[in-house]
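Enquirer: Now for the letters of each chain:
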Amino acid sequence: MRIPVDSYRLANGLLVTLSEDHSAPVVAVNLWYHVGSANEREGRTGFAHLFEHMLFQGSEHVGANEHFELVQRAGGTLNGSTWLERTNYFETVPSHHLELALWLEADRMGALLPAMTQEKLDTQRDVVKNERRWSVDNQPYGTWWERLPALCYPPTHPFHHSLIGSMEHLSEASLDDVAEFFRTFYTPDNAVLSIAGDFDAAAARAFIEKHFGGIARGKGRPPLAPMALPATFGGWLRDAVEDDVMLPRLFLAFRAPVFGSPESYAGSVLAAVLGMRRGSRLFRSLIREQEVASDVSVFTWDLSKGADLLVVDATARPGTDAATLERAVVAEIDRLRTDGVRDDEVARVLALIETDYVSSLQTAGDRADTLSKFAALFGDPTLVNEQLPRYRAVTAAEVTAFARTYLGEDNRASLVYVPRAGAADADADAVEAA
Amino acid sequence: MSPNPRPEPGAPRAYEFPDTTPFTLGNGLRVLVAPMPRLPLVSVVAVVDAGASGDAAGHEGLAMLTASALAEGTADRDAAALAERFERLGTSIDTGADWDDATIHLTVTPARLDEAFALLAEVLMTPRFAPADVARLKAERLSDLLQQRVEPRGLADERLAGVTYAASSRFARPAGGTPGSVRALDAATVRGWHDAHYASSTTTIVVTGDVTPERVHALVEGRLGAWAHAAQPIAAVDVTPRCTSRAVHVVAKANAQQTELRVGHVGLPRAHRDYFDVVVMNAVLGGLFSSRINLNLREAHAYTYGAHSGFDWRRAAGPFAVRTAVKTEVTDAAVREILLEIDRMRETAVSQDELELATKYLAGVFPIRYETTDAVAGALAMAAVYGLDSGYFSAYRQRILAVTTADVLAAARAYLHPEQLQVLAVGDANAIEGPLAALGLGPMTVTNADDGDDA
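These protein sequences, in sequence, are chains A and B. Reading the first sequence from the start, the letters are residues 1 to 434 in the working numbering. Reading the second sequence from the start, the letters are residues 1 to 455 in the working numbering.
Don't read these hints as lab results, they were simulated from the structure. Just so you know, even glycine gets a beta-carbon here, dropped at the ideal spot from N, CA and C. Just to be clear, a hint being listed does not mean it is correct.
The list that follows gives simulated cross-link-like pairs (lysine-lysine, BS3-like), each with its CA atoms no further than 30 Å apart [said to hold, decoys possible]:
no.: 1; chain 1: A; residue 1: Lys-305; chain 2: A; residue 2: Lys-219
no.: 2; chain 1: B; residue 1: Lys-360; chain 2: A; residue 2: Lys-120
no.: 3; chain 1: B; residue 1: Lys-360; chain 2: A; residue 2: Lys-210
no.: 4; chain 1: B; residue 1: Lys-327; chain 2: A; residue 2: Lys-120
no.: 5; chain 1: A; residue 1: Lys-219; chain 2: A; residue 2: Lys-120
Quick partial rundown of chain B residues pointing at chain A, CB under 8 Å, derived from the structure [unchecked claim]:
no.: 6; residue: Arg-38
no.: 7; residue: Leu-39
no.: 8; residue: Ala-139
no.: 9; residue: Leu-142
no.: 10; residue: Glu-151
no.: 11; residue: Pro-152
no.: 12; residue: Leu-155
no.: 13; residue: Gln-257
no.: 14; residue: His-308
no.: 15; residue: Ala-325
no.: 16; residue: Lys-327
no.: 17; residue: Lys-360
no.: 18; residue: Ile-368
no.: 19; residue: Tyr-396
no.: 20; residue: Tyr-415
Okay, chain B solo, but in the shape it has when bound:
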C-alpha cells in the first residue's frame, strides 16, 4: 500500500449554539426555550435554587432526599400512579439535587409534551411526600452509604472532601448526607425544605427540541403561571480549608487490590474571572487523555488505567483534585509523579503545541457536546444556576482560543497550591504507609474504611 500523507483539514463549517428565547412570567418564573427541530423529541428541565449547599448542620442530605422524593407522587396521585402516567406517555422524570440546585428532567415526544408538562408542574408545586415513601428513600440512602464503605472510588472522594474542607464547611460532608444526618430526616423536614426553597422566583424552566417558544410560553403560563410563593435565600457556603499545609491521609481498606489515590485542595468558584484560563490549564495538566498526568502515569509508567485532574465547579469554591487508581506497590511513586507534574505547571510555561492541543480540543468538541436536546437543556440550566449571560455559549469557543501560554502559567501559579495539597490513599495500609511516609510530604494519619464519622 502506498502511504498517503496525513490529510489537511477542509474548510471549517459554521456552528451556532441553538438560539435561545428567554422570558419571565408575572410570578418571576424564568423560562428558556431553545428550538432544535431535527428529531421528534423535547427535553424539559426544571431547575430550582434548592441544592445541598443549603442543608443545615445536622440535616445534611435534606436537599437530595427532597429532590428524590419529588418523584414519589403528587397531591392528586400516589407514587405508583404518577410513574404509570408518565410512562404511558413514553417518559419518566429524573429528579435530583446537586450542590447548587435541584432539577426535574424529562424527555418526551412533542405529541405528548402537554400532558407530560402538566404532570411535571404538579410534581414541582404539589408533591405528595408520603411518610412511607420518604422513609423508603431514606433507607435507600442509608443502604448506599453502607455499600460505599467497600466501594473505594466513592469512599476516596468522600474522605478527600473531609480532609480538604474545615468541619464548619458544608462541603466537608457528602451532598447526600451521612448516616447520622440522614436518620434525622423525615417527611416533615422534607416538606419544610420544599416550602422554603421551591418557588416561582427560584425556578427556571428550560425547554429544548422540537417546539416553538410560543407553544412553550402558553404551556408554562397555563401550568405554572399561578404558582406564587416566597422562597428563603440560601447562604453562601463557608469554604475554609481544613488545613493550609500538606498532609497525607491513609484509609485502610481490607483486601484492597490497588490504591485509590486523590491529591487535592480547595479550588475556585464557578463565576471566577479566570475561569477559561483555569479550564485550559487543567486540560494540559490532567483534563485530557493526552494530558501530562495521564501520559506520565498511564503511558510512560503503566501505574494506572487512567489519571485525571479537575476543578469541581460550584457556586462557592469546590475542590480541585487529581484522581487515579494505581498498583499498590507504586503508590508512593505515583504520588511523587503527580506532585512533580503540578510543580512543573507552575515552573515554566507550557509549549505552544501543548496549549493548542488543549484549546483546539475544547473549542472543537463544543458542538459535539451539544448534539442532544438533553445536553443543551442541561447546559442552559447550568448557565441559569451560575448566572452566565446570554452570550456565554456563543462566545465560549473564542474565549477558549484566546487563552495564551502566559495565561496558563499565571493560572497555575495563582490557583495550584502544592504546599496545601492533601494526599489521600485508600488501600492496603500495611503496604503503602511506609513508602508514603518516606516521601516526607507532611504529617500522616491512618484511618479505617469502616470509620464512619457518625455511623
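Next comes chain A alone, as it looks inside the complex:
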C-alpha cells in the first residue's frame, strides 16, 4: 500500500504536502507549526497550549469562535492540539468547502494579532485552568504526564517542564507574550500545510497561493536550549507519589533513541513485544499468569529531538502493593534481556503493526496529519510510505540488542503512585472478594 504524496514550498517558506484520494467527497486540511511546549521560555510553562486556544478566538477577518462556527456550518470537524515539539490545527470538511478551511487557516497565520484582546486572553486562561483541573488535578494519576518528563529530563532540558503549565504561569501570561510568540513561531517558514482527500491539485495549489502566498516569512526562530543527552539516565531514577487513588500504578521509563532514528524502529517493536495486546509478554505474565496487574501497556513518546522515552505503564490488581508490581515488571524486563526476543514474537508484532498502520491511514484527517508529521519533523512527507518497510526490516537480534542497551538498571526511571495512607483500608471488602 502506498499513498500518493506531492510536496513543494511557497516562496515564503511554507512547506505544502498534497495527497489525493477521491473515494469520498471529504477533504482534510492540516497545519503543523514547529513549536510546542519545548519552545516556551522560563516562567511561561503552558504558554504554547494557551496560545493554541487563542488561535480559535478570531483573527482580522474572523470573529471570536467564528472559526468553529464556520467550519461546523460547512459540515466539517476541527480542532487543534499541542505537544512537546509541535502544535497542530486541522479541519475535515465536505470537499467543496476546501477553500473556506484554507482561508480560515491563512487568516490566522497572516493576521491574528488585530483580533487579540485582554478579555479574550482572560477567558481562555480560565478555560485552560479548568482544562488543567479536569484532565490533571481532578483525575486519579492525572499528574503522571507532567511528573514523568520532570523525572526523565534534566531541569534545563526543553522537555522537562509541564505542557499544560502551572496555574501561576498561566496567570502571568500577557498579551505581549501572545504577540511575541505569534511573531516568532507562527510564520509560514515554520509550518507545514497538508491537504489529503478529495481535491483537484491545480485548484488546491491556486487556493494555497492566493491565501498563503502573501504572508511574510518570519525572522527566524530562536534556537532551543541544548537537546542532546547521554544515551542512558546513568542510574535508576525514582519518584513516589501519594495520591487520591485506589490502586498502585507504576510508570517504568527508559531513555531511548529519538523517533525516526534507525534504532527507534527496533524500540517500537520491543514495546509491542512487551505490551501490545493479549499475546504480549507483560499481559501474559502480569495479568493472566501472576494476576498482579489489572492493566498494562507499553509505548514510546515518539519525540524526534534529544531523546525519546519508552514507557511501561502498569496498574496493580487490588491486593498487590507497588513493590510487588515493580518487581514483577522488572523480572520480565530482565528475562527478556537475558534470554532475548524470539522470531515468532517479532512476527506477531509485525503483523499487528501492519494492520494498525494501514487502519491509521483510513481517514483523510489522519493521512493529512501523518504527512504533516513527517514533513515537519524530517522534511520528508514521503516517509509515510517508508514506515512499514522499516518495521519489516527489524530483526529479533536488533530488538534483543535494543533491550540489552537501553533497558538495563543504568537506564530506568520509576514513577510510582500509591494510595494515600488510610484511603485503601475502606476497601478490604472489595479486595477480599477479588
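With chain A fixed as given, assemble chain B onto it according to the hints.
Expert: Here is chain B on its own, set in the frame of chain A:
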C-alpha cells in the same frame, strides 16, 4: 497582505453511503455486507441481542462479563493460544456488551480474513469460559469499580443513573454491575447467559471493506451455517423515573479540585418517531461546540473546559443529560445557566441561523463519520440492533435537513422536562451545598463518594 473575501463553497460532490447487501442464512442468521475496496482492510462485527438490559436483578454485569469472557479461549484453544492465533494474523478481537447488544469486532487484511473469521465463529459458538479466566475478569471489574470511587466523571454518570431511574429499573444500576452483583457471577452463570442468548436467530454478522458479498456469503455459510440454537427473548426495560419532581444530589468527594456536574432526566427510546427533531434540538442546546450551553458556560463565562448535552439512545428510554465539570465556586451559577438554557429552548423558537448551523453540521459530517471500515460496520450493526430500515442511511441527511425551527420548538417542549430535572454534583460538599440549596430547586440529599449501594 490584502484581505481576500471569505470564499464561497464550490459545487457539492455526490455522496452515497456504501451499498449494503443483506441476506439471511437458513438458520436465521442475518448478514450485511458493505464493500469498501479502497484499502486492503476488512472489518467484521458480530452483533448479538444479548445486552445488559437483559441482566436479571442481582446479576447485573452478567451480559458484559460474558462478552468480555468470549475473548478468553474456545473449546479447542485456551485464552493465550487464541490471542496468539489472532495476533499472528495481524488482528485481535474486541468483545463487549452495551445496554442492547453484545459485539465481537475485528479488523484484518483481506488475505487473512478466512482464518480470522473461522476463529471468530469459534468464539461465538464455542467459548471456553474457564472458571479461572472468568474469575480474573470478575476481579478486573471489581478493580474498576474500586477505582471509580475516586474517578469523578464515571462516578457522576453512575450516580445520575441511580437518581434518574426507579430502583426497579435496570438502568438505575451500571451496565457493568455493582460490587455485590458482580460477586454473584461465575463461570456457570456466564455459560448460562451464553446458552440463553447467543444464537443464530439473535445474531447479525456485518462485514465491510475490501470484500465481495459472494466471498462473505461462502465464508459465513461455511462457518456459521450449521449453528442452530434457540434463544430466550429479553424483556423490555422498565424506565419509570425515580421521581418526577426536581431534586438536587450532592456527592461529597474528598480533595475535589472542581465539581463534576450532571443535570438530566429520563429521555426517549431510539426508535422514537421524532428522533431527527430531537437530535437537531439537542445539537442547538448542547450537542456541538457552537451550541448554546457550551458557548454560555465555556466561552461567555469561562466556568468550564467544555459543556455538552445528549440523549443516550437505547432500545428503551435512556437518559438525557447535560454534562460538565466546573470550578467549585461557580457550581451554583453553572447550574442556573444550564437551567436557563433548557428553559430558553422551550420558550421561543431557535433562529433560522442556529437551526442551519445544527442541520448543516449534522448533514455535512455524515460522510466524515463513515470514512473507515470500522465506522461503517458499527453503523450497520447499530441499525440492525434498532431495526432501522435499509434506507435509513441514504435518507439520513435529507431527514436532518427537513427539520424546521417549529419542529425544534415542539421537540423541546415535548421532551425536555425542566420540572423533572435531577441535578447531581460530585465535588467539595462543604463549598457547594449552601449555594446549591440557595437556588431553591428542590429537596437536596448529600451522600459520600465512598457509599457504594452494596459495596
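Enquirer: Next step is simple, just say for each hint if it's right about the structure.
Expert: Going through the hints against the structure:
Our distance criterion of 30 Å between C-alpha atoms is met by Lys-305(A) and Lys-219(A), whose separation comes to about 23 Å. A hinted pair counts as satisfied when its Cα atoms are at most 30 Å apart, and Lys-360(B) with Lys-120(A) qualifies at roughly 28 Å. Of the pairs offered as hints, the one joining Lys-360(B) and Lys-210(A) holds, with about 27 Å between alpha carbons and a cut-off of 30 Å not exceeded. Proposed proximity of Lys-327(B) and Lys-120(A) is supported: the alpha carbons are some 19 Å apart, at most 30 Å.
Restraint check: the Cα-Cα separation between Lys-219(A) and Lys-120(A) comes to about 27 Å, which is no more than 30 Å; the hinted pair holds. A distance limit of 8 Å between C-beta atoms decides the matter here; for Arg-38(B) the minimum to chain A is near 5 Å, and the interface restraint holds. For Leu-39(B), the shortest C-beta to C-beta distance to chain A is roughly 6 Å, which falls under 8 Å, so the interface hint holds. Annotation: Ala-139(B) was flagged as interfacial toward chain A, and the flag holds, the nearest CB pair being 4 Å apart, inside 8 Å.
The criterion of a C-beta within 8 Å of any C-beta in chain A is met by Leu-142(B), whose closest approach is roughly 5 Å, and the hint holds. A hinted interface residue such as Glu-151(B) counts as satisfied when its beta carbon comes closer than 8 Å to some beta carbon of chain A; here the least separation is about 6 Å, so the hint holds. Annotation: Pro-152(B) was flagged as interfacial toward chain A, and the flag holds, the nearest CB pair being 6 Å apart, inside 8 Å. For Leu-155(B), the interface hint is violated, the least distance from its beta-carbon to any beta-carbon of chain A being 11 Å, above 8 Å.
Because the closest C-beta pair between Gln-257(B) and chain A is about 4 Å apart, less than 8 Å, the hint holds. Checking His-308(B) against chain A by beta carbon gives a least distance of about 13 Å; that is not within 8 Å, so the hint is violated. Contact between Ala-325(B) and chain A, as hinted, is supported at the beta carbon level, the nearest pair being about 5 Å apart and thus within 8 Å. Look at Lys-327(B): its Cβ gets to within about 6 Å of chain A, closer than 8 Å, so that hint holds up.
For Lys-360(B), the shortest C-beta to C-beta distance to chain A is roughly 5 Å, which falls under 8 Å, so the interface hint holds. Given hint, Ile-368(B) at the interface with chain A, holds; its Cβ is 5 Å from that chain's nearest Cβ, closer than 8 Å. Taking 8 Å as the C-beta cut-off, the interface hint given for Tyr-396(B) is violated, the closest approach to chain A being about 13 Å. A distance limit of 8 Å between C-beta atoms decides the matter here; for Tyr-415(B) the minimum to chain A is near 23 Å, and the interface restraint is violated.
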